[in-house]
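Participant: Chain by chain, the residues run as shown.
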Amino acid sequence: MIPPPSKISAITDGMVFNIQKFSVHDGPGIRTTVFLKGCPLRCVWCHNPESWQPEPEMTVMEARCIQCGTCRDACPEHLFYRDDLSDFTRCYRCGQCVEACPTGARQMAGRSMTVNQVVDQVMKDRIFYDDSGGGVTISGGEPLFQPEFLADLLTALKKRGIHTAVDTSGFCPQDDLVAIARLTDLFLFDIKLMDEEKHRRMTGVSNRPIIENLQELGRIHSHIWIRIPVIPGINDDDDNIQSTACLAASIPGVRQINLLPYHPLGVSKFRRFNRPVLPSDIPGLPEERLKQRVALVAKTGIPTRSGG
Amino acid sequence: MNERTDRLRRASLNAAPSISPERAILVTEFYQSHSGQYSVPVMRAKCFDHLCAHKTIFIGPEELIVGERGPFPKAVPTYPELTCHSIDDLEILNSRPKISYRVDSSCIESYRKTVIPYWQNRSLRDRLFQELPKEWHDAYEAGIYTEFMEQRAPGHTVLDDKIYRKGMLDFKADIAASIAGLDFTSDPAAYARREALKAMDVSCDAVIRFAARHAELAEELAKGEGSETRKAELLKIAHVCRHVPAHAPRDFHEALQYYWFCHLAVITELNGWDAFNPGHLDQHMLPFYQKGVADGALTPESARELMEAFFIKFNNHPSPPKVGVTAAESGTYTDFANINIAGLLPDGSDGSNDISHMLLDIVEDMHLLQPSTNVQVSRKTPDEVLKHALRVIRKGYGFPSLFNADSVVEEQIRQGKTLEDARAGGCSGCVEVGAFGKEAYILTGYFNLVKILELTLHNGMDPKTGNRLGIETGTVERFHSFDALFEAFKTQLNHFVHIKIRGNQIIEQIYAASMPAPFLSVLIDDCIKTGKDYNAGGARYNNTFIQAVGIGSLTDCFSGIRHLVFEKNEVSLVDLVGILDSNFEGHEALRQKMLNKVPRYGNDLDAADGIMVKIFQAAFDAIDGRPNSKGGQYRLEMLPTTSHVYFGSVIGAMPDGRLAGVPLSEGISPVQGADRNGPTAVIKSAGKMDQVKTGGALLNLKFTPALVAGEDGITYLFHLVRSYFKLDGHHIQFNVVSADLLKKARAYPDQYRDMIVRVAGYSDYFCDLTPALQNEIIARTEHQSF
Numbered sequence: 635m636i637p638p639p640s641k642i643s644a645i646t647d648g649m650v651f652n653i654q655k656f657s658v659h660d661g662p663g664i665r666t667t668v669f670l671k672g673c674p675l676r677c678v679w680c681h682n683p684e685s686w687q688p689e690p691e692m693t694v695m696e697a698r699c700i701q702c703g704t705c706r707d708a709c710p711e712h713l714f715y716r717d718d719l720s721d722f723t724r725c726y727r728c729g730q731c732v733e734a735c736p737t738g739a740r741q742m743a744g745r746s747m748t749v750n751q752v753v754d755q756v757m758k759d760r761i762f763y764d765d766s767g768g769g770v771t772i773s774g775g776e777p778l779f780q781p782e783f784l785a786d787l788l789t790a791l792k793k794r795g796i797h798t799a800v801d802t803s804g805f806c807p808q809d810d811l812v813a814i815a816r817l818t819d820l821f822l823f824d825i826k827l828m829d830e831e832k833h834r835r836m837t838g839v840s841n842r843p844i845i846e847n848l849q850e851l852g853r854i855h856s857h858i859w860i861r862i863p864v865i866p867g868i869n870d871d872d873d874n875i876q877s878t879a880c881l882a883a884s885i886p887g888v889r890q891i892n893l894l895p896y897h898p899l900g901v902s903k904f905r906r907f908n909r910p911v912l913p914s915d916i917p918g919l920p921e922e923r924l925k926q927r928v929a930l931v932a933k934t935g936i937p938t939r940s941g942g
Numbered sequence: 002m003n004e005r006t007d008r009l010r011r012a013s014l015n016a017a018p019s020i021s022p023e024r025a026i027l028v029t030e031f032y033q034s035h036s037g038q039y040s041v042p043v044m045r046a047k048c049f050d051h052l053c054a055h056k057t058i059f060i061g062p063e064e065l066i067v068g069e070r071g072p073f074p075k076a077v078p079t080y081p082e083l084t085c086h087s088i089d090d091l092e093i094l095n096s097r098p099k100i101s102y103r104v105d106s107s108c109i110e111s112y113r114k115t116v117i118p119y120w121q122n123r124s125l126r127d128r129l130f131q132e133l134p135k136e137w138h139d140a141y142e143a144g145i146y147t148e149f150m151e152q153r154a155p156g157h158t159v160l161d162d163k164i165y166r167k168g169m170l171d172f173k174a175d176i177a178a179s180i181a182g183l184d185f186t187s188d189p190a191a192y193a194r195r196e197a198l199k200a201m202d203v204s205c206d207a208v209i210r211f212a213a214r215h216a217e218l219a220e221e222l223a224k225g226e227g228s229e230t231r232k233a234e235l236l237k238i239a240h241v242c243r244h245v246p247a248h249a250p251r252d253f254h255e256a257l258q259y260y261w262f263c264h265l266a267v268i269t270e271l272n273g274w275d276a277f278n279p280g281h282l283d284q285h286m287l288p289f290y291q292k293g294v295a296d297g298a299l300t301p302e303s304a305r306e307l308m309e310a311f312f313i314k315f316n317n318h319p320s321p322p323k324v325g326v327t328a329a330e331s332g333t334y335t336d337f338a339n340i341n342i343a344g345l346l347p348d349g350s351d352g353s354n355d356i357s358h359m360l361l362d363i364v365e366d367m368h369l370l371q372p373s374t375n376v377q378v379s380r381k382t383p384d385e386v387l388k389h390a391l392r393v394i395r396k397g398y399g400f401p402s403l404f405n406a407d408s409v410v411e412e413q414i415r416q417g418k419t420l421e422d423a424r425a426g427g428c429s430g431c432v433e434v435g436a437f438g439k440e441a442y443i444l445t446g447y448f449n450l451v452k453i454l455e456l457t458l459h460n461g462m463d464p465k466t467g468n469r470l471g472i473e474t475g476t477v478e479r480f481h482s483f484d485a486l487f488e489a490f491k492t493q494l495n496h497f498v499h500i501k502i503r504g505n506q507i508i509e510q511i512y513a514a515s516m517p518a519p520f521l522s523v524l525i526d527d528c529i530k531t532g533k534d535y536n537a538g539g540a541r542y543n544n545t546f547i548q549a550v551g552i553g554s555l556t557d558c559f560s561g562i563r564h565l566v567f568e569k570n571e572v573s574l575v576d577l578v579g580i581l582d583s584n585f586e587g588h589e590a591l592r593q594k595m596l597n598k599v600p601r602y603g604n605d606l607d608a609a610d611g612i613m614v615k616i617f618q619a620a621f622d623a624i625d626g627r628p629n630s631k632g633g634q635y636r637l638e639m640l641p642t643t644s645h646v647y648f649g650s651v652i653g654a655m656p657d658g659r660l661a662g663v664p665l666s667e668g669i670s671p672v673q674g675a676d677r678n679g680p681t682a683v684i685k686s687a688g689k690m691d692q693v694k695t696g697g698a699l700l701n702l703k704f705t706p707a708l709v710a711g712e713d714g715i716t717y718l719f720h721l722v723r724s725y726f727k728l729d730g731h732h733i734q735f736n737v738v739s740a741d742l743l744k745k746a747r748a749y750p751d752q753y754r755d756m757i758v759r760v761a762g763y764s765d766y767f768c769d770l771t772p773a774l775q776n777e778i779i780a781r782t783e784h785q786s787f
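Those protein sequences? They're chains A and B, same order as listed.
Position one of the first sequence corresponds to residue 635 (the working numbering), numbered consecutively onward.
Position one of the second sequence corresponds to residue 2 (the working numbering), numbered consecutively onward.
Any given hint might turn out to be false.
[Said to hold, decoys possible] A few chain A residues facing chain B, derived, Cβ under 7 Å:
1. Lys655
2. Phe656
3. Val658
4. Ile664
5. Cys702
6. Pro736
7. Gly738
8. Gln755
9. Lys758
10. Ile761
11. Ser766
12. Glu830
None of these hints come from the bench; they were simulated from the model.
Given the structure is predicted, the values throughout are model-derived calculations rather than measurements.
C-beta: ideal position from N, C-alpha, C; glycine also.
The task is simple: from the sequences and hints, build the whole structure.
Facilitator: Laid out in structure tokens, this is it:
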């Protein structure tokens with residue numbers, strides 16, 4: 635029997651689920667976004683469900699599967715042939731099927747990487763950062779879910795003169811956030827819902843620590859972009875948008891507000907995971923409605939944009 | 002575009018391409034009655050003069066810039082002295098569904114009665130094929146290379162600023178001085194030089210006569226013209242045609258008309274590749290524009306109207322169609338005249354100006370098939386010029402393409418040109434580099450890199466035919482290492498490059514001896530000074546190119562072999578060759594591994610890109626610096642045009658997972674669908690090739706319109722271009738794809754694996770998305786928002 639992978643060592647290794655180059659909506663310029671795995675929130679509209687669990691997870695891209703059965707032959711438990719898609723409980727995540735799969739339909743979401751490994755990857759695009767005023771954005775999941783790794787990575791990038799941004803839900807111990815703030819050039823700080831009860835219902839956690847963290851961050855950091863995912867029927871009402879804008883306006887370091895229109899992508903990704911399909915009934919956000927939301931927020935006088 | 006221009010534009014778009022036998026008949030008559038009377042160059046010049054004196058002159062309603070190669074717009078002449086169409090050829094051209102040319106029965110009659118009987122076995126093509134050795138023919142027929150000069154003359158050249166300073170009478174004075182300076186007592190080539198110079202002199206007079214006939218027709222039309230406005234225009238046209246090309250132009254209108262006469266003369270004299278090309282049009286026109294605006298003779302609007310009229314002239318001239326088996330292929334109407342915008346001045350300063358923007362506006366407004374346009378982007382080019390170009394590119398018409406002006410200079414310096422000549426140079430045709438007005442840079446044929454590996458894997462035998470074409474480099478059992486295989490590949494590569502170059506030398510010398518181009522020689526330095534023809538080494542610089550095709554495919558093939566055979570031991574080389582010969586029958590999983598699990602070019606992975614660099618170096622070593630027969634050297638170019646489709650059709654399955662017959666990768670772009678790490682990774686991979694050592698390299702990237710929408714989209718493209726050019730990239734072109742293409746991607750995902758779409762808060766590969774999301778994105782793209 636193959637044992638499950640060992641726990642990551644907190645200081646040198648991080649659990650990364652994607653490194654996205656030519657990322658142009660996560661801060662200024664052309665960037666690379668490093669997605670760290672593990673998130674304390676469970677937003678019903680989440681686009682990145684593979685980011686939730688802190689451990690690697692098996693994913694299947696149905697569109698790529700040619701039903702050759704190689705994965706089943708490679709699996710010690712003979713799992714994971716297409717017919718057994720639902721049977722994840724006996725998977726040890728040994729990765730043998732991923733190695734064997736000829737088409738890349740089977741992939742492991744999340745792999746343990748050292749800071750140097752990540753740095754090597756992201757430094758490949760340095761010429762684009764230099765030319766465009768871009769850099770590296772660390773997102774998730776929740777990047778502050780791996781605070782030591784995040785700190786080491788930011789330190790290593792800073793040493794190389796790379797502009798860094800941290801894209802956070804703000805849901806983290808305040809001490810960690812304060813420590814990270816010293817190492818980060820720009821925060822992309824998500825505010826999802828102002829109503830605490832609704833926030834709890836839609837994301838699984840209270841927004842109180844998030845708001846307190848934002849206020850503290852505003853005192854110690856001067857480059858914050860507020861990001862509001864605009865989810866039809868959930869947080870796109872005038873009240874919520876206005877009070878979010880009000881909060882943003884009260885924070886001294888806020889330079890920009892971005893409204894991120896919802897698109898029903900999560901449905902696609904959830905299928906790769908074999909999770910139950912979550913709210914597929916959330917419609918896309920009409921262009922006109924988005925424009926109105928942007929106009930509402932722009933009243934704060936803070937530069938407001940739709941999209942990243 | 003004003004209403005008149007719009008009417009002229011529509012007339013050009015609506016005109017149906019046809020074949021005109023007029024030139025063929027005039028040339029045949031001339032040869033029938035004068036053959037043997039003159040030296041070869043003078044014969045050619047007299048023949049050209051005969052054409053200028055007798056061809057039908059055309060001035061269309063409302064035209065401002067005048068002159069057509071044929072008797073009317075889009076009537077394409079033929080060049081039977083080079084290559085003689087058969088009746089079958091003409092009938093195929095007339096009937097094929099795509100890229101057809103109308104051929105009427107009188108044309109066919111003339112060919113049957115007059116043209117074919119004279120030129121059969123006399124045309125240069127007939128003679129040329131007889132002179133080439135069997136090994137050349139065998140490799141040619143197997144699809145190892147193509148041949149450029151069998152149907153069209155060496156062209157690929159571009160004009161500099163000389164015609165804006167000198168008229169034909171000035172060139173005649175230069176020619177007379179050169180003749181006067183000949184030393185018959187000590188120069189054994191003095192007679193040959195005098196004949197070449199005499200021919201140039203005759204051709205100058207011929208072009209003056211050609212222009213005068215336009216003046217006469219304009220005056221005649223003016224007599225019968227009811228509208229006073231048009232009458233005045235016709236008289237102005239007559240006035241212009243009496244002044245240029247005999248004298249240097251005095252204003253914007255004369256300058257454009259002068260170039261156009263030169264263009265027509267070059268493409269009437271012979272059917273040289275890439276037609277002809279004004280080069281740095283914005284730089285050349287600026288003084289005339291400034292002077293005209295200053296003295297009130299010109300307004301920005303009237304200048305633009307003339308420039309648009311000039312553009313329409315290019316569109317009236319489809320490429321001359323080919324003969325033989327290729328007549329059944331569709332080809333293209335484009336004749337590759339490629340106007341350069343921006344770039345550098347000879348003193349090294351920024352060459353962009355108001356006309357650069359005017360030209361970009363015209364490209365965007367008129368979106369004609371011809372002329373092609375490109376922007377030469379240097380470090381010094383203002384951001385706004387590049388951004389303007391990108392806004393035009395984003396429209397998805399494919400124009401303009403973008404070149405790295407600083408690399409273009411560096412490439413030429415490496416070839417030994419002076420700094421000033423290099424800066425005054427630029428790009429023409431597709432991506433090739435030359436010193437404008439001073440160079441014969443001749444493309445000689447595409448070279449199938451991937452076929453060489455196929456032959457290597459079969460010990461020199463072509464598995465398609467069973468013929469032994471290459472040398473015996475060993476059976477695959479003997480290749481115990483990747484390096485041993487690569488060495489065998491290099492041996493085969495050198496063998497076939499040698500065969501190709503031997504053939505080229507013969508062809509070049511046949512052209513030098515029997516098909517000089519006296520008028521083109523007047524325009525290209527230093528033919529007058531040296532008394533040598535353009536086709537005989539008279540140009541100041543003479544580079545000959547071989548265009549290597551399929552480096553992306555070949556890299557992935559070698560990477561597949563190294564990874565699966567020599568590193569993972571998943572299959573032996575012997576078994577692999579058997580699997581390839583059976584087109585992966587029963588081995589789909591192995592093929593999928595090649596497609597998905599092997600490091601592939603275009604992903605910024607050194608494991609694959611390192612192989613690309615090795616292949617590039619091998620091709621460079623095999624070609625670069627070898628002497629041609631004109632005193633110049635061979636150079637490597639990385640350009641496929643459309644040959645990657647043909648070359649793919651002659652190759653069986655290969656270890657990059659490509660099935661038999663499928664097209665190869667194009668230019669230096671990755672294999673279609675192999676690049677899966679986004680555009681920055683492609684740029685990084687391509688940037689590892691030392692492109693300064695080439696005479697041009699072509700990179701294509703594909704984007705959805707949504708990804709480049711808005712000012713942000715322009716900014717991203719802008720930085721991609723600037724970064725690629727910092728890496729010494731030579732050329733980049735963006736395809737901004739439509740919903741239609743996305744639908745094709747949905748239907749044929751394997752061909753579109755590299756297509757990235759912006760989804761929501763992240764980007765993903767279109768083909769990896771669920772059908773429902775694909776549909777949603779297809780719908781969204783049509784609205785141009787995300």
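Participant: For the hint on A:Lys655, does the least C-beta distance to chain B fall short of 7 Å?
Facilitator: holds (5 Å)
Participant: Using Cβ atoms only, decide whether A:Glu830 comes closer than 7 Å to chain B, and label the hint accordingly.
Facilitator: violated (24 Å)
Participant: Against chain B, run the beta carbon of A:Val658 and see if the smallest gap drops under 7 Å.
Facilitator: With a closest approach of 5 Å, the A:Val658 hint holds.
Participant: Tell me if the interface restraint on A:Gly738 is satisfied: Cβ within less than 7 Å of some Cβ in chain B.
Facilitator: holds (4 Å)
Participant: Next item in the hint list is A:Ile664. Is there a CB on chain B closer than 7 Å to its CB?
Facilitator: The hint holds - A:Ile664 has a Cβ within 7 Å of chain B, the shortest such distance being about 6 Å.
Participant: Would you settle whether the hint for A:Phe656 is holds or violated, based on the nearest Cβ-Cβ distance to chain B being less than 7 Å?
Facilitator: holds (4 Å)
Participant: Next item in the hint list is A:Cys702. Is there a CB on chain B closer than 7 Å to its CB?
Facilitator: holds (5 Å)
Participant: Close enough to count: is the Cβ of A:Gln755 nearer than 7 Å to one in chain B?
Facilitator: With a closest approach of 9 Å, the A:Gln755 hint is violated.
Participant: Should the interface hint for A:Ser766 be scored as holding, given a Cβ-Cβ cut-off of 7 Å against chain B?
Facilitator: This hint holds: A:Ser766 lies near chain B, its Cβ roughly 4 Å from the closest one there, short of 7 Å.
Participant: Could you check if A:Ile761 really has its C-beta closer than 7 Å to a C-beta on chain B?
Facilitator: Holds, because the Cβ-Cβ distance from A:Ile761 to chain B comes to roughly 5 Å (cut-off 7 Å).
Participant: Given A:Pro736 as an interface hint, is the shortest Cβ-Cβ distance to chain B below 7 Å?
Facilitator: Nearest chain B Cβ about 4 Å off; hint holds.
Participant: Please verify that hint: A:Lys758, Cβ, nearest Cβ of chain B, below 7 Å or not.
Facilitator: holds (5 Å)
Figure legend: structure checked against the earlier numbered hints; hints not met, in rising order: 8, 12.
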